[in-house]
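Peer 1: In case you want the letters, here they are:
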Amino acid sequence: MIKKEIIQRNPLLNLGYDDEYILPTGGFGAVLAYAGVGKTALLVQMALHAMMNEQPVLHVSLNDAVSKVDVWYRELFHDMAAKYDSVESNEFWEKILIYRFIMTFRVEGFSVPKLEERLTDLMQQNIFKPHTVIIDGLKFDESGRGLLLQLQELAKKYSMRIWFTVHTHRHEPPKENGLPLSFLHVADLFDVLVQLAAKGPEVYIKALKGQSPDAKQDALLLDPATMLIKDQT
Amino acid sequence: MKFDDQNIRNIGISAHIDSGKTTLSERILFYTKRIHAIHDVKGKDGVGATMDSMDLEKERGITIASAATYCEWKGYEINIIDTPGHVDFTIEVERSLRVLDGAILVLCSVGGVQSQSITVDQQMKRYKVPCIAFINKCDRSGANPFRVIAQLRTKLGHNAVAMQIPIGLETELQGVVDLVTMKAMYFDGESGEDVRIEAIPQSLLEEASAKREELIDAASIFSDELTEAILEEKEISPELLYAAVRKGTLKREITPVYMGSAYKNKAVQPLLDGVTYLLPKPSEVENIALDMNNNEEPVILNSDPEKPIIALAFKLEDGQYGQLTYIRVYQGTVEKGSTIVNVRNGKKVKVGRVVRMHADQMEDVEALCSGYIGALFGIECSSGDTFVSPGINMTMTSMFVPKPVISLAIVPKDNKSQMAMSKALNRFSKEDPTFKTHVDPETNETIIEGMGELHLDIYVERMKREYNAEVSTGNPRVAYRETITQRADFNYTHRKQTGGSGQFGRIAGWIEPISDAEFVFENKIFGGSIPTQYIAACEKGFKQSMAKGPKLEFPITGVKVLINDGASHAVDSSDMAFQAAARGAFREAYLRAKPVVHEPIMKVVVESPVEFQGPVMGLLNQRRGMIIGAQDEGVMCVIESQVPLAEMFGFSTILRSATQGKAQFTMEFAVYRQVPQSIAEKIALEAAQNKKTAA
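Those protein sequences? They're chains A and B, same order as listed.
Be aware that the first sequence starts at 943, since it is given in the numbering used here, and climbs by one per residue.
Be aware that the second sequence starts at 165, since it is given in the numbering used here, and climbs by one per residue.
Since the hints were derived computationally from the structure, they do not count as laboratory data.
Check before you lean on any hint, since a few could be wrong.
[Unchecked claim] Below 27 Å or equal to it, Euclidean Cα-Cα: the simulated BS3-like pairs (lysine-lysine) are:
#, chain 1, residue 1, chain 2, residue 2
1, A, K1056, B, K767
2, A, K1056, B, K319
3, A, K1037, B, K724
4, A, K1037, B, K846
5, A, K1025, B, K758
6, A, K1056, B, K826
[To be verified] Computed footprint of chain B on chain A; a stretch qualifies when at least three of its residues, placed anywhere within it, have a C-beta under 8 Å from a C-beta of chain B:
#, region
7, 1007 to 1014
8, 1026 to 1032
9, 1064 to 1071
The model shown is predicted, which means the values in this text are computed figures rather than measured ones.
The beta-carbon is built from N, C-alpha and C at its ideal position, and this holds for glycine as well.
Please model the complete structure; the sequences and the hints are all you need to start from.
Peer 2: As C-alpha cells, this is what we get:
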C-alpha cells in the first residue's frame, strides 16, 4: 500500500529531464548551492527515490560520519512517510535500507583507487552493487580534473551514475551560465547540473544543464521546514 | 594529608595481555618502597605479584579486577590502577580510564602494537586520557623498540617520540640513554634500585644526538620558547624540553616513549620520572558533572578541596570486613565521619573508615581530598554511583557501559550451592555493571549475561572458588519475540457450567499491530455491554496472553487490543470469567492476525585495520548482516552493521582469526526485526523440540 503511494516519478523530471534516472549510465550530475541551502537533502531524496525503486545507492561522504549520514536518510524518509501508518512505514524503511550503503572517507584520504578497492570488496562478495553513487563533500576548487576523469572511468566501468554536491561561495559571483568560476574547469564533464537558490523564504530548484530546452523553470521548491521537494505545478 | 594537587598523579597502566604490565606495577611498588620484595606474576615463588590479589589471577597469570594502590616518588603521590589486559574485561579498563588523569601504555618490544593495545588506545582516546608509552621486554630476543615506535605512529596514529634510546638490546640490555639530559643511565644492585648516571658511551653518541634532534623537533611545535631557543641556537635546558613535551602530551598530540625491561629491573625509575614530569595533575583535567536540578546541564568541576564533595564510586569489592567502595574524589574532601549523599537514591551515608589501597592491603587515612583515589568501608552502593555533599544534586557523567552480549543458563548442584550462588550473583552484578542476572520465568533457570565467554567463565569459576557454589552451565540463548502483522476481529464467549456458580463473559473487538508500544488496551464499550467493574479483568486477561505466544511460546509485543462489545450475566459473570474470556478472545484472533517471529538485531561495529575491510564485511554478510556503512579512519576503518544476535555466537574468535587479532568489535541491541521464513521454520522446529523435552 505505502509502497505504491510513496513511490512517485523521480521529482526532478519536473525540471524537464527526459530520462527516468536523469543521468545516463556512467554519467555525472551535480547539485550546486551555497552552504546550508539543502544540497545533501536534495540528493538524499533522490537516493531514497532510487532505493524505493530497488536501485542500490552508494552514499560516499567526505564530511560526515556514517551515523550522521544515516540520520539524513531516516529523517527525510520519515518526513516523507509521515502521513502513512507507522507500522507500515517502518516495515517499508527496513525493506529499502538494504539498497543503501554509506562509505565515509576523510577528505585527504579519498582517492579513486581507494574507492575502487572498497567497491570491489563489496561487489566481489555480492554484498552491494551500486546503481547510483552520491559523493558529498568533494572540493571542486582543490580536486583537479584528473580525479573526476578517473571517477568517470570508474562510473563507466561499473555502469553507475554519480551525483555530486558542489559547494558554491557567496563571494564568488556566478558567470553568465550560472556556474561559479571555480567549477568551470570541470563543468563539461557533467551531464546534468541543478542549482538550489534561496529566494526569500523559498528554495528554488533550477536546472542549469541537461534539461530539454522548453522545460519550465522554478517548477520545484525545497520546503525549508522539512527540506522535502515540493511540486509547484 | 597534603592538599596541593601539584604533586598528585592518577595513572593507569594499560596494555595487551602478557606485555608485562603487572610486572611493571610490581617494580614501581618496589622502587617507591611500597613493597620490599619482588614476586613473580605466575606465582613460581608461591607468592605472586602484589597487584594480582585474587587467587584466580595468580593462577592464570592475568589481572582480572583492577587493584588500586598508591605510592610516592620523589615527593609525588602516584595513585595507580592496574588494569586487566583481556578484551572480555574491558569494563574494568573503561572504568579505570574514567577516573584516571593519565596512563602508561605498555607495549612489548617484540610483539609491538597488538590488538588489545589498539582497543586500549581507542578507549584512552574516548576518555581523552593523555598517555606516555613504555616499551617493555627490551631484554627479549627480537626486541626492537624503534619498530614499536613506528607502529605507534602507523597503527595507532600517535605522534610517538623516543625520550630514550637503549644501551644494548636483548641479552645485552644494560640501560638507557636519556635524550633530555643526554646522560646514560644504568641500573645496579640486586633489583636495579641503584641508578648510576654516566656519560653517553661513545658508540651511541651519534644516534643519541640524532634522536634528541627528532625529540626537540617534535616538541618545538608546542613551545614558542623552545622554537626561539632552537633558532637562536641556545642550549636547550631539560626544563624547557620537558615543558614542551608535557604541553603536547596533555593535548594528546605527542606520545613520549620510554623503554626498558621491568622483569630485568631496567629503566623503570626514569619512567616514573616521566609520569611525574609529563602526565597531568588532577586539576589540569576537565571533569564534568551533570546538574540534576538543571535538566542535566553539564557543570565543569573545580578541584578545590574546600568545595562541596563530588565523588564517584568506580569499583566495589567484597572484602573480609564488608563492602569496599573505591572512589575518586573530583571536588571537595571526603572526611572520616562526614555525611555524603548517594545521588542515585538520595540516601545519606556517614563515612566510616577511609583507606588508601595497596593491592589487598590497606592504610587508614583521615580524608581523601579532590583529585585522590581511595576506598570507603561499609557503604552500600553500586559501582557508578555518585556521592555528593548534602544539598548538592549532581551526578558524574554516566560511564559507558556496554550491553551484555551473551547469556547462559546456570543451575546450582544442590541447595547449599543455590544459596551461595545467589549471594555470589548479587555481589558480582553490583561490582560489575556488564554482568547481569535474572531468572527465566518459564524455565525457572538462572540466566547470567556478560561481555563474552571468558567473562562469564571467570564468574562461574569465581562462584565455585570464592562462594563454594557448584553450578553447571547450559547453552547460550537468543530472546525471540512474536508480533502480529494485521488486524483480526474477535467475538468470544466464555461459558462454563460445571456445578456450583457458572462462568460467563463475552468480549468482542479486534487486535492490531502497533509499532511504538509493547501493549495498548483501548476500551470503546458504550452502553455497559460489559460492566465497568470487569474492564480491568479484560485488560488483565489480554496482558496475560502477551506473555507467551500460543504457537512458539515467545513473548508477544506490539499489539493493540480494542474492545467494543460484549455481554455479561448477572450471576455467572466475574473477574475470573472475563479474564478467561479475554484469553480466549486473544487466542481466537491471534492466529488470524498473521503472527511472525522477531529476532534481536544487534548493531555491530567492527574496528579493523583497512587491509582487512573486505574480509570483515564478508564475515558480516555471511551472518545475515546488513552493512550500514564503512568509515575510513586513516590506518583503521570502522564498519557499522546490523546482524541478528543468533548469528553472532563465536564471532569474536572468527574475527580474531580472520584479522590476525587486529580487529575488534562492539555489539549493542538495535532493533527487533522479522525473522526470514526459512529461519522461522527452524526456530519453530527447535521450539517444538524444546517443548517435547520439557514435557
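Peer 1: Work down the list of hints and note, for each, if the structure agrees.
Peer 2: Comparing the hints with the structure gives:
{"no.": "1", "hint": "K1056/A - K767/B", "in the structure": "26 Å, holds"}
{"no.": "2", "hint": "K1056/A - K319/B", "in the structure": "18 Å, holds"}
{"no.": "3", "hint": "K1037/A - K724/B", "in the structure": "23 Å, holds"}
{"no.": "4", "hint": "K1037/A - K846/B", "in the structure": "22 Å, holds"}
{"no.": "5", "hint": "K1025/A - K758/B", "in the structure": "24 Å, holds"}
{"no.": "6", "hint": "K1056/A - K826/B", "in the structure": "21 Å, holds"}
{"no.": "7", "hint": "1007 to 1014", "in the structure": "holds (count 5)"}
{"no.": "8", "hint": "1026 to 1032", "in the structure": "holds (count 3)"}
{"no.": "9", "hint": "1064 to 1071", "in the structure": "holds (count 6)"}
Hint compliance for this structure: no hint is broken.
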